[in-house]
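Single-letter residue listing:
2 protein chains.
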Amino acid sequence: MPNGTNQAWTMASRPTGEPTPEHFAITESPIPEPKHGEVLIRTLYMSLDPYMRGRMRSGPSYSTPLEIGDVMTGEVVARVEQSESPLFEVGDTVRASIGWQEWAAIGAHIAKPVDPDLGSISTAVGILGMPGMTAYFGLLDVLKPRAGDTLVVSAASGAVGAVVGQIGKINGCFVIGIAGSDEKCKYTVKELDFDAAINYKTQNVSEELARLSPNGIDCYFDNVGGPISDAVFENLALKSRVAICGQISQYNASTPPQGPRNLATLIRTRTTVEGFLVYDFELQHEIARARISNWIKEGTIKYKEDIVDGFENAPEAFIGLLKGKNFGKLLVRVSE
Amino acid sequence: MPNGTNQAWTMASRPTGEPTPEHFAITESPIPEPKHGEVLIRTLYMSLDPYMRGRMRSGPSYSTPLEIGDVMTGEVVARVEQSESPLFEVGDTVRASIGWQEWAAIGAHIAKPVDPDLGSISTAVGILGMPGMTAYFGLLDVLKPRAGDTLVVSAASGAVGAVVGQIGKINGCFVIGIAGSDEKCKYTVKELDFDAAINYKTQNVSEELARLSPNGIDCYFDNVGGPISDAVFENLALKSRVAICGQISQYNASTPPQGPRNLATLIRTRTTVEGFLVYDFELQHEIARARISNWIKEGTIKYKEDIVDGFENAPEAFIGLLKGKNFGKLLVRVSE
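Chains Z and D are the protein sequences, given in the same order. Reading the first sequence from the start, the letters are residues 1 to 336 in the working numbering. Reading the second sequence from the start, the letters are residues 337 to 672 in the working numbering.
Next up, chain Z with everything else stripped away, as it sits in the complex:
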């Protein structure tokens, strides 16, 4: 049994706008001892995702909010260091929602096995994990695209958006990505084979969408909300579908920001707008995981990871994520 210290990042105070380093505090405790039926795990990769900002907020959500002093929410890829359960052996790789911390002793039934044959273990919290599942089900089960549909995805080079666009291409869609730099736009078109990309920081999104999709947008996978979504709503096709996956442009706001009321648009175009959560499709995750793994092995789907080294750098990386500074799925490498 390892001796030593476990570090964890907690929420030191509740941010009202953009989080800053003071909203996070590192705490130390002894590495825990697993009880009967538990495993002791050590974090290898920690996933940082936009939804975590929502947990730092009080008020109604799909999940219980963090209280001051709670360990920041999150899923990690970890190695089993000690097992008091027949379910796992030392050396197994698992993923588990233990939050931003280095070590944890958890019930073995809560740890999910990671199959290294499916792909690099870091992808268990990336393209083969929550972000990949979000893309797969939000696209295929909510938007239900048909070959020939024009599909627009915001945050197009991100952990979710990049997968949405590529699965859209596999399904025969004309895919337009929206991203925040020329480099990200170029990546989606040159590397991921999107048909077009729009840099929302330098281009007029509505005009570009009108030019690129003269018959209107059939499917919009919305990761961002705000003015980018307003521009998409102006260009929807008849019987179009919008999947509300995330609203990262709104997450730092303490009250809902104001924007144009555009629900009347939905009457004209008979559009359906649907909010969803990846957990709504949990029964089918294994099927999707196997399918995406095959696409990666075939070379049909690519992915990009933005790996930050060092547990101590998690808050800074997370703050950057909310500003779109990452390029690809953001991970913190905690140990080798």
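By construction, these hints were calculated from the structure, which means they are not laboratory data. Among these hints, one or two may not hold up.
Claimed, not checked - Not close to chain D: a few residues of chain Z, all C-beta gaps over 12 Å, as computed:
1. E22
2. E81
3. S97
4. I121
5. A147
6. E207
7. E234
8. T255
9. E305
10. D309
11. K325
Said to hold, decoys possible - Subject to a maximum C-alpha distance of 16 Å in a straight line, what follows is the list of computed EDC-like cross-link-like pairs (lysine to aspartate or glutamate):
12. Z:K112 - Z:D92
13. Z:K239 - D:D477
14. Z:K112 - Z:E75
15. D:K633 - D:D451
16. D:K448 - D:D428
17. Z:K297 - Z:E84
18. D:K575 - Z:D280
19. D:K575 - Z:E75
20. Z:K239 - Z:D149
21. Z:K239 - D:D616
22. D:K638 - D:E527
23. D:K505 - D:D529
Think of the CB as a built atom: it goes at the ideal place given N, C-alpha and C, for glycine as much as any other residue.
Based on the hints, put chain D in the right spot on chain Z.
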């Protein structure tokens, strides 16, 4: 063949906010002569509906906008005064989209027969016409309520809302109406058997909804948009549905008014928001018409008409409609 003058109301200028009498002008022309295959019809009842404000606007819509000098859009119930077609005889009652005018000669195939056995002929442009069909399909085909669902309907005593709520009751819903006066609220509860009603002018809609639907709102039939809809969005249940039928609170605005961006709510509640038009369900209108007619005859469904006498009073009545001054389906009686 009648000799005399046909009067018509035209759009004299395009309103940018609330329409006023100056935006309408009356024109006179000889009563037309029907050609072969046509019928000459004389308006009995003219329907006034909120959508007409949309036609006075330029810019994208589901329908071609009116130009200055065009006869105001609208459907009427009329009597065949002369027939040059085997389809109709003199004395038949029809409905037709001839706009705000007293007489018209139209192709007989464009006139729709009105069956007086289904109900009072005025209902052909009311509960058995476009507003009734809108209610029926928006509720049953878009919202798809289940017995036990909480259904909220705005503009609850109006031509559409009153029907929505009553069909909701037939389908076993707990029905909450939102209306603009105590008299209208009382009417929906005492006469139409709604379970509850909220006066949005005197009550806090969000608080009342929270009190009346502690488990959240499953179905929202939205006729109004704006702050009333914001209050409903705050109280949606898991897997709720919102049908966007109308946005009367927005119709006088020249650009979309600002409001809180609340699409993130849809993620938490996995809500579906869908815009629709009554014409999308045209193939099934006859079935719905027969069904509503039976409900009226059985006494299961009631309706209320707000009849303004005199063709000359149409603009004033229409301006009042946009302010919620009517109580029940607004009609102009043009001739006996």
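Verification of the hints:
| no. | hint | in the structure |
| --- | --- | --- |
| 1 | E22 | holds, 25 Å |
| 2 | E81 | holds, 36 Å |
| 3 | S97 | holds, 19 Å |
| 4 | I121 | holds, 29 Å |
| 5 | A147 | holds, 23 Å |
| 6 | E207 | holds, 15 Å |
| 7 | E234 | violated, 9 Å |
| 8 | T255 | violated, 7 Å |
| 9 | E305 | holds, 25 Å |
| 10 | D309 | holds, 32 Å |
| 11 | K325 | holds, 22 Å |
| 12 | Z:K112 - Z:D92 | holds, 10 Å |
| 13 | Z:K239 - D:D477 | holds, 15 Å |
| 14 | Z:K112 - Z:E75 | holds, 11 Å |
| 15 | D:K633 - D:D451 | holds, 14 Å |
| 16 | D:K448 - D:D428 | holds, 10 Å |
| 17 | Z:K297 - Z:E84 | violated, 35 Å |
| 18 | D:K575 - Z:D280 | holds, 11 Å |
| 19 | D:K575 - Z:E75 | violated, 26 Å |
| 20 | Z:K239 - Z:D149 | holds, 11 Å |
| 21 | Z:K239 - D:D616 | holds, 11 Å |
| 22 | D:K638 - D:E527 | holds, 8 Å |
| 23 | D:K505 - D:D529 | holds, 8 Å |
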